[in-house]
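Below are the chains, spelled out letter by letter.
4 protein chains.
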Amino acid sequence: MRAIQLVSPSLNSFVAADLPEPSVPGHGQILVAVRAASLNYIDVAVAQGHYPGIAFPLVPVADGAGEILAVGEGVHGLVVGDRVALHPKARWPAGRATAERMAAMRGVSLPGVLVEVIEVDASSAVKAPDHLGWEAIAALPVVATTAWNALEAAHVGPGSTVVVLGTGGTSLTTLQLAKARGARVIVTSSSDDKLARARALGADEGINYRAQPAWDEGVLRLTGGIGADLVLETAGPQTFMRSLAAARQGGTVFTIGFLSGTVAEVDLLPVIVKSLRVQGNNTGSAEDLADALRAIAAHRIEPVVDRVYPSAQVADAYRALAGGGHFGKLAIALT
Amino acid sequence: MRAIQLVSPSLNSFVAADLPEPSVPGHGQILVAVRAASLNYIDVAVAQGHYPGIAFPLVPVADGAGEILAVGEGVHGLVVGDRVALHPKARWPAGRATAERMAAMRGVSLPGVLVEVIEVDASSAVKAPDHLGWEAIAALPVVATTAWNALEAAHVGPGSTVVVLGTGGTSLTTLQLAKARGARVIVTSSSDDKLARARALGADEGINYRAQPAWDEGVLRLTGGIGADLVLETAGPQTFMRSLAAARQGGTVFTIGFLSGTVAEVDLLPVIVKSLRVQGNNTGSAEDLADALRAIAAHRIEPVVDRVYPSAQVADAYRALAGGGHFGKLAIALT
Amino acid sequence: MRAIQLVSPSLNSFVAADLPEPSVPGHGQILVAVRAASLNYIDVAVAQGHYPGIAFPLVPVADGAGEILAVGEGVHGLVVGDRVALHPKARWPAGRATAERMAAMRGVSLPGVLVEVIEVDASSAVKAPDHLGWEAIAALPVVATTAWNALEAAHVGPGSTVVVLGTGGTSLTTLQLAKARGARVIVTSSSDDKLARARALGADEGINYRAQPAWDEGVLRLTGGIGADLVLETAGPQTFMRSLAAARQGGTVFTIGFLSGTVAEVDLLPVIVKSLRVQGNNTGSAEDLADALRAIAAHRIEPVVDRVYPSAQVADAYRALAGGGHFGKLAIALT
Amino acid sequence: MRAIQLVSPSLNSFVAADLPEPSVPGHGQILVAVRAASLNYIDVAVAQGHYPGIAFPLVPVADGAGEILAVGEGVHGLVVGDRVALHPKARWPAGRATAERMAAMRGVSLPGVLVEVIEVDASSAVKAPDHLGWEAIAALPVVATTAWNALEAAHVGPGSTVVVLGTGGTSLTTLQLAKARGARVIVTSSSDDKLARARALGADEGINYRAQPAWDEGVLRLTGGIGADLVLETAGPQTFMRSLAAARQGGTVFTIGFLSGTVAEVDLLPVIVKSLRVQGNNTGSAEDLADALRAIAAHRIEPVVDRVYPSAQVADAYRALAGGGHFGKLAIALT
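Residue numbers (our numbering), protein chains in the order written: chain A, 5 to 339; chain B, 5 to 339; chain C, 5 to 339; chain D, 5 to 339.
It is worth saying that the hints were derived from the structure and are not from the lab. Some hints here could point you the wrong way.
Treat identical chains as interchangeable: a pair holds within one or across any two.
[What the hints assert, rightly or not] 25 Å max Cα-Cα, derived DMTMM-like pairs, lysine to aspartate or glutamate: (1) Lys-183 / Glu-104; (2) Lys-131 / Asp-22; (3) Lys-131 / Asp-208; (4) Lys-183 / Asp-86; (5) Lys-183 / Asp-134; (6) Lys-131 / Glu-291.
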């Protein structure tokens with residue numbers, strides 16, 4: 005079957021490959037015809053050689069969606085023809101974070117989804133909401149799982165205030181799910197156009213951090229001096245201290261990103277004085293994804309797919325994500 | 005009545021004072037004859053002028069214990085003669101962290117306990133365990149509240165591993181309460197003698213970080229490579245990265261101290277990759293203290309009071325705490 | 005000042021009284037000019053002599069709203085002129101359920117709100133949302149606190165299904181707050197007209213239990229056989245087994261009512277087999293109410309006040325509540 | 005291979021059988037040489053025909069322990085030779101209660117453990133503590149999972165009081181784990197001898213309910229009138245109201261048993277007035293068991309196995325459990 009492989013750590017190293025197609029699914033496994041994929045920063049980090057311990061050649065990409073072609077013995081609750089989201093954490097059906105559950109990730113330590121047919125544990129596939137198309141489903145696993153866990157960690161509901169930094173996939177999905185939970189959402193961006201688009205998605209307020217570099221003060225002003233219940237910290241060192249300043253007493257800074265590097269100068273004093281929770285996150289379980297998809301189905305949320313690339317242009321998709329400038333997710337159609 | 009005041013931010017500025025004695029307690033208030041006090045680092049920070057916004061002269065010291073002399077109208081559950089711990093967070097009876105609840109603190113923004121008789125809200129006094137003497141009771145409010153919240157945040161129980169840094173009051177109280185919850189406890193210290201004393205209190209393991217500067221590797225070795233469920237981070241920048249390294253996937257680094265400064269170079273990568281929770285803490289509520297005291301009473305835990313100073317030598321007590329070298333708490337007897 | 009007293013346990017025993025007006029508020033207390041009150045079933049139980057241990061004459065009614073006339077020493081965060089909801093649990097500012105916190109209730113063990121001016125602990129008054137009138141504020145304390153706790157206990161959010169029995173005050177407030185949290189809501193009633201009005205408030209589905217006595221089967225049908233995450237059980241023995249049947253595996257039956265008596269024949273098997281949580285509730289803390297009001301303010305929720313009675317007709321209001329037939333709350337205007 | 009089958013619902017219907025031995029484990033599966041089993045009431049209910057929907061002949065018994073003979077592809081963290089506890093909920097690796105996860109149970113809806121070799125999903129096997137023998141390991145899955153969940157639901161720790169009814173396997177395991185968590189434990193029994201044995205295991209207090217039928221009053225007396233944080237309700241209708249009475253405000257009655265029937269006359273009033281949580285439970289996940297075993301290993305807890313039957317006398321073991329009189333668990337050795 006056709007597949008795409010990354011033969012070395014370089015954005016110029018994607019090659020078409022012919023791999024053996026899996027035929028009969030094992031116990032507890034399913035075969036899925038992959039219809040679409042989407043990119044996350046970890047995919048770029050892998051392709052740029054910034055992620056340690058990768059074995060090349062590698063079928064890349066963590067997030068995927070497809071249709072079940074066959075189910076093995078001992079599979080329950082899924083049948084041939086079901087449309088599923090493929091959860092990248094292949095061995096984390098439910099439960100808490102452990103080294104083993106976090107380590108096994110498609111497109112990183114395991115083969116990714118850029119293949120015609122993939123064999124996966126049924127427990128790592130989640131039925132997709134009916135209202136979504138393939139690219140939309142593929143856009144969700146990493147970002148919806150992460151967004152849901154952020155909102156749960158900060159106990160976000162009506163009356164809460166959520167700040168999301170920027171308009172990447174996790175930020176916009178967090179915005180959408182926060183609105184579904186009844187919260188107020190503040191978005192930061194360097195672009196007034198993107199802020200307008202975020203407002204169209206439901207954001208209550210936008211702060212242009214180019215016009216207003218002290219965006220944390222803007223958050224305090226918008227919250228009567230109290231601060232936000234949750235700050236989704238996607239950027240890293242450049243923004244970290246402002247994220248701490250923007251959070252309320254007892255609030256949560258949910259840390260998932262290091263776009264601007266990994267080493268931050270952190271003043272621990274606000275963490276202590278305001279009793280802040282800085283919560284790191286490395287995706288989550290398939291059960292977390294199922295919870296998020298349940299909410300997405302109930303509210304008929306449409307994830308934001310900025311652009312869909314044909315599989316022949318996968319390198320362009322990577323370059324676009326690496327370059328920034330997107331609004332939401334970048335997807336790849338497999339046909 | 006006799007009192008001690010700090011007239012300016014200096015360890016040489018304690019003076020005896022004669023203040024009006026409160027007579028009839030207001031609604032919901034009690035009069036308490038203070039019998040003992042204990043010192044915390046925040047007291048030293050106040051006396052050294054490192055804490056902003058203090059109004060001098062100030063009756064210093066946050067933690068106290070005493071006997072109820074009179075109860076006002078509308079006081080329930082406390083009677084004259086009860087022995088109580090005075091909770092320094094004077095307006096935080098229960099519930100979550102808010103700016104107001106955290107701001108009102110005896111010896112900092114409010115008059116402290118170095119007086120013969122103090123009038124306090126009944127809701128900020130907690131009945132003391134019967135088995136404890138005055139200095140032991142006075143040793144507990146800040147450290148027992150903090151220790152309890154750390155153990156709760158990390159959900160510590162039998163099968164858990166707890167690391168405490170050093171042998172100050174919070175570390176030793178966390179050690180004692182962690183043992184009462186059935187956990188395994190690892191203590192770090194620069195002194196083999198202190199490690200031996202910590203073992204006598206129940207510690208399972210000790211690591212001398214002078215002999216073994218990479219004490220985080222020692223923690224990993226002692227936990228089969230997994231790491232600790234909870235690291236009580238009392239030191240700040242010098243130790244912070246090792247604390248992150250010593251914590252297990254999904255573990256908690258409970259951050260309360262900045263002995264070595266407040267600005268740390270923090271690599272966010274382990275926080276994200278291991279899904280760590282860095283939880284800051286600024287004491288807690290009187291209900292938290294009551295929970296801790298319930299456990300202390302049930303297990304007849306004796307807090308470690310390294311030395312008791314007469315009130316005439318209060319400056320010596322401050323200097324001793326500032327100088328380090330103590331094991332557990334430093335108390336002041338008021339007689 | 006004018007007041008209304010219940011001189012004996014009978015709906016015919018309300019009398020106008022002239023009571024001394026409180027003048028200077030004590031420490032931590034405020035004087036509130038009461039503007040409106042609302043009735044709950046506990047008020048009826050008290051007036052009918054079904055509640056043990058009441059001392060007559062009693063100023064009745066638990067729920068009230070008013071304007072602050074004066075603040076005592078040691079009051080923080082409230083000023084003269086503030087509009088407040090009076091929380092009936094007078095000594096439960098925050099924290100968990102204890103005997104003492106639950107026992108002290110206005111209109112039951114303490115004087116109620118049918119007075120011109122009431123002196124209360126500032127910690128039992130919660131600032132009211134700006135968009136609400138006096139009767140609407142007075143309608144909220146018991147029902148909003150209870151509804152919020154029900155939704156918290158069952159962890160209700162987008163993707164959850166909530167069932168409320170009937171269209172009394174707690175049911176409708178739970179409906180409104182559940183919608184604000186993004187959940188789907190099913191209402192039961194004996195009246196198609198009331199179901200239509202509930203739908204106008206946001207209910208997704210209505211089941212007329214007169215037309216369909218096996219309403220639990222209706223819930224299962226509407227949830228694809230899964231059942232509800234939360235059933236707000238307001239009725240007691242008559243409905244209890246159906247409430248258990250309507251709940252999903254791991255779901256919550258939040259039990260607050262005994263309209264149809266208190267002794268139920270309960271088959272424990274579904275509780276065990278489905279791992280249900282049957283959670284009883286006796287109101288909650290002022291902090292719970294503040295959380296609910298924060299959500300009500302953010303969503304500009306208007307509580308449903310079926311009818312407002314002048315204070316001269318308080319007995320009629322009691323009779324109307326005892327008789328059923330209302331939709332939402334019955335309020336009393338004090339002017 | 006040799007196996008034992010129950011050919012019809014009767015304690016006289018156990019027969020030796022020769023079943024095909026599984027050879028090569030499937031993906032994610034392991035082969036386990038079963039060394040021991042233990043009985044739970046559900047096994048008796050199945051054998052007596054009280055459990056609906058059983059397909060005979062059935063290999064009976066839910067709980068087992070054994071040694072891994074072979075591991076399939078895609079198994080991580082387990083190797084040949086590992087000693088494991090077999091979790092009866094075969095498809096519940098972690099996460100919340102769902103219909104599917106609760107339905108699949110060995111010895112009930114799936115073949116049980118009375119075989120020489122069993123093929124199971126690796127995710128349903130948990131590594132056993134080193135200090136335990138085969139019968140002790142086999143004694144644990146159902147009761148340790150249940151006990152752990154009870155203690156978690158009621159948030160039991162030092163300062164808590166736990167009441168266990170009787171001295172069956174779940175009660176004694178709850179006693180042992182409650183002590184490991186630092187709680188105080190009260191045991192009820194009809195036998196002073198059993199109470200003495202429970203005390204030897206760590207129980208703080210015993211109440212002979214034959215001598216003192218109002219054992220709930222005994223609990224109140226022993227807790228200063230407050231009541232217990234957790235009552236482990238194993239008996240059902242006969243004891244249910246006393247269990248509610250013995251629980252403290254905000255306490256938990258963890259309901260797992262129906263020895264005395266399933267239909268109870270329940271007065272909902274104490275549930276509401278005391279804000280009790282009645283939590284049903286149908287075992288739990290393999291992750292719950294792993295947590296319990298981690299605690300059991302850390303404290304070197306030895307589960308109480310009252311008697312070990314050879315597999316030829318399995319019917320005697322069932323009769324003994326049905327007849328009562330045991331203290332702890334009844335095990336079956338497979339050799």
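Evaluated hints:
1. Lys-183 / Glu-104: Answer is neither; intra-copy 33 Å and inter-copy 28 Å both fail.
2. Lys-131 / Asp-22: neither (28 Å within a copy, 41 Å between copies)
3. Lys-131 / Asp-208: between (31 Å within a copy, 24 Å between copies)
4. Lys-183 / Asp-86: neither (29 Å within a copy, 30 Å between copies)
5. Lys-183 / Asp-134: Both ways: Lys-183 and Asp-134 sit 21 Å apart in one copy and 22 Å across, limit 25 Å.
6. Lys-131 / Glu-291: Intra 11 Å, inter 24 Å, cutoff 25 Å: intra and inter.
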